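Visitor: Generate coordinates for the entire structure from the input sequences, incorporating the hints supplied.
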Amino acid sequence: MLVVVTGGSGSGKSAYAENYIDMAAGNVQKYYIATMQVSGEEGRRKVERHQRMRADRGFLTIEQPVSVEIALQKMKTGKAFALLECMSNLAANEMFGGDCIKPGKEVFQKIINGIEKLQQELTCLVIVTNNVFEDGITYDETTMEYMRVLGAVNRRLADMADEVTEVVAGIPLTIKSGGVR
Amino acid sequence: MKLIIGGYAQGKLNYALQNYHLTEGAVTDAALPEENNGQTVIIYHFHRWVRACIEQGKQPEELIRDYLSRNPDCIIISDEVGNGIVPLESFEREYRERLGRLLTEIAGQSEEVVRVICGIGQRIK
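So the protein sequences, as listed, match chains A and B. Residue numbering for the first sequence follows my numbering, starting at 278 and increasing by one per position. Residue numbering for the second sequence follows my numbering, starting at 197 and increasing by one per position.
The set of hints was computed from the structure by calculation and includes no laboratory data. Note that this is a predicted model, so its numbers are computed, not measured. No residue lacks a Cβ here, since even glycine has one placed at the ideal position from N, Cα and C. Warning: the hint list may mix true and false statements.
Stretches of chain A that chain B covers, calculated by requiring three or more beta carbons in the stretch to come under 8 Å of a beta carbon on chain B [claimed, not checked]: (1) 286-299; (2) 374-388; (3) 445-451.
Guide: Shown next as structure tokens:
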């Protein structure tokens, strides 16, 4: 089961995704695959805020800023639910995290391969991604290439997914349905 | 309480005036109106008011909670500003994040939430 949750900044998409997995998982082990690389005070505050929101909910956090399939090695075997947050950070880390900027196609393929491996092993994978596409600004070519990669990843994930939900002002809107909950 | 959101220049005010049978006299632009004494008022460009509050070091969250507790008959109209590349400037990030969370909170309390695109309102709550 693959679920994709999208939305803008402060839209409540994280809270929705966490509630979703909480309800769906029951007593099955829940993992939180965190892709954000923490730097600076603001990043630390954001992480702490998310950690508070997950507190007492039984999530085990795995920090995995690149190569998300490695997260499987840090999980116990058997049934597991995982929440991966956030695809926009993962794409940025994969693209800009090395010594040089990687080509978009390579980044896309690496991410999709990693997600496919997670999907094969997990009972349910919920992926939070980000709607970064609607501010109408033409950025520099590198940023535009990043947006194209994230857009392509989002489209492929939505194609693979059983459910796609957009969260607007905390309200979940179904974009694609048909999965079994 | 009602919330109307959508992108820039999508016809949110027009939607509100037509659908709730109000006139321009009900509109307060980018500010909190006087106490409304049970009259329905429109708080237009809510996002600009939030931004100005943050710029002036005020707490828009507390101010609007306080106002709405005394004047629940409000229609709040705001641009959606969070659907873009996360800005490099920390103020811009804070503004987007705080506005998004505030709109989420207001949406939670509203009996109706409408998203306007191309002048057409989608009732999402």
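Visitor: Indicate, hint by hint, whether the structure satisfies it.
Guide: Taking the hints in turn, this is what the structure says about them:
Only when three residues or more bring their CB closer than 8 Å to a CB of chain B does the claim for the segment 286-299 of chain A stand; here the count is 4, and the claim holds. Figure legend: the segment 374-388 of chain A, annotated as covered by chain B; annotation inconsistent (0 residues with Cβ-Cβ distances under 8 Å, at least 3 required). Under the rule that three or more residues need a Cβ within less than 8 Å of chain B, the assignment of the segment 445-451 of chain A holds, with 5 such residues.
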